[in-house]
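Protein chains in written order, with my numbering: chain A, -19 to 442; chain B, -19 to 442.
Quick caveat, the hints were computed from the structure, so don't treat them as lab data. Each residue gets a CB set at the ideal place from its N, CA and C atoms; glycine is no exception. Mixed in with the good hints, there may be bad ones.
[Said to hold, decoys possible] Among chain A residues calculated to face chain B with C-beta under 8 angstroms, some are: (1) V162; (2) A169; (3) L170; (4) H174; (5) T179; (6) H186; (7) T244; (8) E246; (9) P248; (10) V251; (11) A253; (12) R254; (13) F255; (14) Y258.
Number of protein chains: 2
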Amino acid sequence: MIPVLTRHREAPIESIRIRLAAILLLAFSVLPVPASATGDAGKPDVSRFQLANGMEVVVIPDRRAPVVTHMVWYKSGSSDDPPGKSGLAHFLEHLMFKGTKNVPAGEFSRKVAEIGGQENAFTTVDFTAYYQKISPEALEMVMFHEADRMANLVLTEEVIAPEKNVVLEERRSRVDSSPASVLGETVAALLYKHHPYGTPIIGWEHEIRELTLDDAMGFYKAHYRPDNAVLVVAGDVEAQQVLALAEANYGRLSPGEGAVPVNTIEEPEPVAARFAEYFDERVTTPSFERYYLVPSYQTGQPGEAEALDLLASILGGSSTARLYRKLIVEDEVATSAGAWFQGASRGLTRFGLFGRPRGKHSVEDVEMAIAKVLEDIMEHGVTQEELDRQRNALVKSVIFERDSQTTLARLYGTVLSLGGTVEDIHEWPQRLAAVTVEDINQVARKYLRPHRSVTSYLRPKP
Amino acid sequence: MIPVLTRHREAPIESIRIRLAAILLLAFSVLPVPASATGDAGKPDVSRFQLANGMEVVVIPDRRAPVVTHMVWYKSGSSDDPPGKSGLAHFLEHLMFKGTKNVPAGEFSRKVAEIGGQENAFTTVDFTAYYQKISPEALEMVMFHEADRMANLVLTEEVIAPEKNVVLEERRSRVDSSPASVLGETVAALLYKHHPYGTPIIGWEHEIRELTLDDAMGFYKAHYRPDNAVLVVAGDVEAQQVLALAEANYGRLSPGEGAVPVNTIEEPEPVAARFAEYFDERVTTPSFERYYLVPSYQTGQPGEAEALDLLASILGGSSTARLYRKLIVEDEVATSAGAWFQGASRGLTRFGLFGRPRGKHSVEDVEMAIAKVLEDIMEHGVTQEELDRQRNALVKSVIFERDSQTTLARLYGTVLSLGGTVEDIHEWPQRLAAVTVEDINQVARKYLRPHRSVTSYLRPKP
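Please construct the entire structure, taking both the sequences and the accompanying hints into account.
Dropping the structure here:
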């Protein structure tokens, strides 16, 4: 899931990806600590409904402040872009701010801003989401407008060309201006030989240029429908009150006709280790990255994703992890080194390792040092002590992260958009607690194998 | 263009590819030598017609023996497979032998065999072709049946499952049983990050399994129509007689409705050098290959493909070429080494280098030796002497290769299926003669650059 945030321009796509991976990992830990530790009292009192037209509704009470987060998630993202139309889901996300047959362009955003609210939207490979952070009284207003633009979007040729320029400029600033992002696009294409996750969310430039009003309306009609949407409301609200508002606003929309088109392309089994090397004059420090194709929470055998999450923490989630201790503290070969696992994904996902050399060291030195750390795990396995420690660190971060209403809403939206359930989320701490040393060793040996990997070197142009 | 020959099982897909590259290169040289050398008398008396329904007809007289080659080419191949339906064009090619509403399955093949004729079919990324080699009297019969199956194919569920097993077995024998082919699939996916040339012609196994009767009929209806077909007849025939037969048989077919669907996906510019490494216990000698993404005769600037053809000859087309002399004769580092260029391709194509180490030498030694040969060309360029020598060798092969009627028919079919003209073929020797040393140095420096390349190592499993 590489999210493309529409309006927030400050960060390049690559950093956002890593940031989101962290958010998702931490988001899972927003959950209550296992029942054994806190009892059921720690479980948020989450309600879930389904409207007659198929739209799912999740309400997460959070009464610390008079604030509400309202999100609508469509279970369609860039991997649903038709072939040759890369960037379409993201382009439509931009166009969703262009007005409806009931309200002119900009009015919804203006109303949110007037009451001091915030709004944004993002597109990932799997889904597209729109959200507002507002005071509780404004919930009805945002629901009216969000429901309105789910059914009544109006696009004209006049808005297509300028908005395309905005997206092209976004591509230049996010991708072209960032050597890591340029390389990242190649790496994604190498990791996914066949699956559309190998295509950039923002789209290839030459295809963005050719996107039309008809393309956008086609995607809108096929995917923007209540039976393909999840409403998440978190904050100072009552479930029944939210349900009543949802029924009044979203409930009156007709469900789409026929089934929602779903991308069913599967990635074939990987066979060969792959590498990419990119030289760019804007690079000052070289860097090493490796991705492994691994199962996600959605595709893996029971327990595999949990074990991969813990393996990432043990390898490189923090300064107490193996990569940090070995590469940065002991060998002084790197200035940064770590590991991450992108657990939430409709299809096969990524386990990542990265490092930047320090001083006179090369990316090859970093690669070799990381390989040694991996080898040690393959041969001797992880220890019970570090599993307990890293799992405990996750549990502690629960308390820390519980503060963020947005993170909470985002977690439920992500899991439900991927076809998961509230129970999947609530039972996650118990499932994490059940992971053994042997489970972790097994996923490491099964998935962190060369033929499943893409290694990339980002280097200064000589 | 990686052709998948349907019936001939003897050779794995990889060798056939290289063989076809050679055929196409040589096929071009079946052409008369430049007018300056032979006068117009050397030009075959080729006739070209277009039927009212849009079907193109090419007749190539060749009266040395009472033999006729009859080919029908559809300008659609595996790159037209719908996403998630890889292998469909090739599967349909198999199913085209299953009978029509007029004749039962096998009757057409039986009639060809009865008169001692030969038949076959093949699918490439760009086109699909069916051909028969027969005596002139049988031309009417094969035209009747080929036209009949262009319009009247009948498929039933009973033929789908068994034929799918035949294709799956073909995949096992062509790809899975050949380490080079297994690696080749990954390499294609790496070279084409976005374009469907990155998908195997025969299809990914899990997608072949899901192909249905409806998929096959859908592809058939969309692509098998006279306005998407080229008829090539070579042999002991008169143009007017062929035209009359073509009008009687193919001319009565209705043109398709609307435009033929054409894959318009373009490959983005490459940015990063890519590598793949594959270990297989069945490999006895390791091997090195490198592909560069380069323009084809169809996509390049005028003269570029001609220069790339000559560059391939100079580098490694024969035992007088640089790679052979340096790696095999002088340094004794390799047992084989060469270069090839796949000139005929609707989209961006491949320039290949390869080598197998000798004795104790490694693939890295071979790679380094090839790199030195390339470096020398980049720095000092090719010489007029070797350009003249290699061009002359091509001209000589004209005389040698003119013998093959099939090669001749295949050349015209290939070029016309790719949207080229008879003139493109006839003027090729003059265009080849116009290539200068500077032209060759320019394409070498422009296209044989690391960021355009995929390097692969095939190694024995340790």
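Given A:L170 as an interface hint, is the shortest Cβ-Cβ distance to chain B below 8 angstroms? holds (6 angstroms)
Holds or violated: A:E246 as interface residue toward chain B, Cβ cutoff 8 angstroms? Cβ of A:E246 sits 6 angstroms from chain B, so the hint holds.
Minimum beta-carbon distance criterion (8 angstroms), A:F255 to chain B: With Cβ-Cβ at 4 angstroms, under 8 angstroms, it holds.
Are A:H186 and chain B close enough, Cβ to Cβ, to be under 8 angstroms, as the hint says? Interface hint status for A:H186: holds (6 angstroms vs cutoff 8 angstroms).
Hint check, A:V162 versus chain B [nearest Cβ-Cβ separation less than 8 angstroms]: holds (6 angstroms)
Could you check if A:A253 really has its C-beta closer than 8 angstroms to a C-beta on chain B? holds (5 angstroms)
Hint check: is the beta carbon of A:V251 less than 8 angstroms from a beta carbon of chain B? holds (5 angstroms)
Hint check: 8 angstroms Cβ-Cβ cutoff, A:Y258 to chain B: Given a least distance of 4 angstroms, the restraint on A:Y258 holds.
Double-check A:P248 for me: the hint is only fine if its C-beta lies closer than 8 angstroms to a C-beta in chain B. Holds, about 5 angstroms.
Should the hint that A:T244 touches chain B count as held when the rule is a Cβ pair under 8 angstroms? With a closest approach of 6 angstroms, the A:T244 hint holds.
Under 8 angstroms is the threshold here; is the Cβ of A:R254 close enough to any Cβ of chain B for the hint to stand? holds (5 angstroms)
Hold the hint about A:H174 up to the distance rule: shortest CB distance to chain B must be less than 8 angstroms. Given a least distance of 6 angstroms, the restraint on A:H174 holds.
This entry satisfies every hint, going by the numbered hints stated previously.
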